[in-house]
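Asker: Read off the chains here:
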Amino acid sequence: MAADGGQDLITLTTDKLSADGVSESVTCPSCGAVSLFIGTTRDHFEGKKVIRLEYEAYSPMAESELRKICREIRTKWPSVRHINIQHRLGVVPITEASVIIGISSPHRSDSLEAVKYCINTLKATVPIWKKEIYESGEPCWKENKECLWADTGKDPK
Amino acid sequence: MNTEQVSVLYFAKSAELTGLKAENITVPSNISSLQLWQHLETRHPRLSVLRDQVVLAVCQEYVPLGEQLLTLRDGDEVAVIPPLSGG
Chain A
1 MAADGGQDLI
11 TLTTDKLSAD
21 GVSESVTCPS
31 CGAVSLFIGT
41 TRDHFEGKKV
51 IRLEYEAYSP
61 MAESELRKIC
71 REIRTKWPSV
81 RHINIQHRLG
91 VVPITEASVI
101 IGISSPHRSD
111 SLEAVKYCIN
121 TLKATVPIWK
131 KEIYESGEPC
141 WKENKECLWA
151 DTGKDPK
Chain B
1001 MNTEQVSVLY
1011 FAKSAELTGL
1021 KAENITVPSN
1031 ISSLQLWQHL
1041 ETRHPRLSVL
1051 RDQVVLAVCQ
1061 EYVPLGEQLL
1071 TLRDGDEVAV
1081 IPPLSGG
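Going down the list, the protein sequences come from chains A and B. The first sequence: position 19 = 19 (our numbering), numbered continuously. Here our numbering runs 1000 ahead of the position in the second sequence, where the first position is 1.
Chain B extracted, bound-state conformation (with noise of 0.2 angstroms):
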């Protein structure tokens, strides 16, 4: 199974949740958008209260939680994006 190594910025509630604003993290190269956020839950399970509020952006792109396979490659940038509150 081939991993990459990613980054993960967290914002706004999600920051507050993890205490973190950026992390680098070891996952396989081919999982899907809910198993990343799982990953995630598993190594900060106060993000849990986020679960049906949030999505993620992977290189800038916003992906929901699903079964949509990521093609994750070494230096990737994720990101926890909580509910929009701009304007």
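Chain A with its partners taken away, still in its complex shape (with noise of 0.2 angstroms):
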């Protein structure tokens, strides 16, 4: 929470998301930048069709991670003003949004930036897990590169 009124809205929902909704509640007369990532779900993975996803979470965990991003935002970033990250839970149908993120800040580099941040630092740090399911053949559950833990052969620094 920034000292100047400034707030952080956190959202862990199986309800549909709404854009606009992100968006009007980051907005403020003092800002010039509103900038949003939608995630969406797509429907295919290495040529295989996916007809749908399920998320699950450590919900009080995904929560406290959730607001460590927002206080890491306001340190690198201090003219942010809004923070609203809300992400889906549950079953999310081909095309819906599984997590939007809207920041608004006096000028659009700063949210730009944070966005960025935000969305990638979610993928490494949030406890979310997400699972495929397929027209045909075994559910899968998704393993995030950014995520240190996951078997991507990479060697974690």
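These are computed hints drawn from the structure, not numbers from a lab. These figures come from a predicted structure and were not determined experimentally. Every residue, glycine too, gets a C-beta built ideally from N, C-alpha and C. Nothing false has been slipped in among the hints.
So, partial list: chain B residues that the calculated Cβ filter (under 10 angstroms) puts toward chain A:
| id | residue |
| --- | --- |
| 1 | Ala-1012 |
| 2 | Glu-1061 |
| 3 | Ile-1081 |
| 4 | Leu-1084 |
| 5 | Gly-1087 |
Straight line, CA to CA, 16 angstroms or less: simulated EDC-like cross-link-like pairs of lysine to aspartate or glutamate:
| id | chain 1 | residue 1 | chain 2 | residue 2 |
| --- | --- | --- | --- | --- |
| 6 | A | Lys-116 | A | Glu-146 |
| 7 | A | Lys-131 | B | Glu-1016 |
| 8 | A | Lys-145 | B | Asp-1052 |
| 9 | B | Lys-1021 | B | Glu-1077 |
| 10 | A | Lys-142 | B | Glu-1016 |
Now that you have both chains on their own, put them together as the hints suggest.
Answerer: And the structure:
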């Protein structure tokens, strides 16, 4: 939470997410920029047709990790005003949003960079898991390459 | 030797492998994260497929599997954390 009234809004929900809602929640008179990231579900993976995604979270820790990300954002980009991070849980149909991040700042550079940092760090650190359900074949728990303990063959440093 | 009762939460693939979302276990107060994992593997041998791709969360802080000594207390919450896929 910023000293001047800037808000960190964090929501984990099974409800459908709204980009308009997120955008409106971070808009403010002192800010010339609102940057949004929307993560949507793709309908294919390695030639297989994905029919839906299912998300699961360690909710209390996911919220605390998201709050850590907000604190890091405010340290790196002090001009950031409001941050709203929404992640959907449970079943997410194809093309619907699974995550929406909205950040406002007086000038565009900070909110654009902060949104990029936010989604990249979320993928590396927030305890949420996604399972892809295919038209045929076994479902698969996905692994983010950003996660240090995923089996990507990458040596984490 | 002091022992503590802690709760263990299983998520994603680990929940499927154990067939559990949560259980209570009794472990020594001073135990390394690797020893704690080995204890879980002994209870649930199917967890072994995750051994190289898992960390623990103890009181909601990540702990990699290793020699690091945990100081567990009664009622502490430990979670098995397979590779993340949020976002």
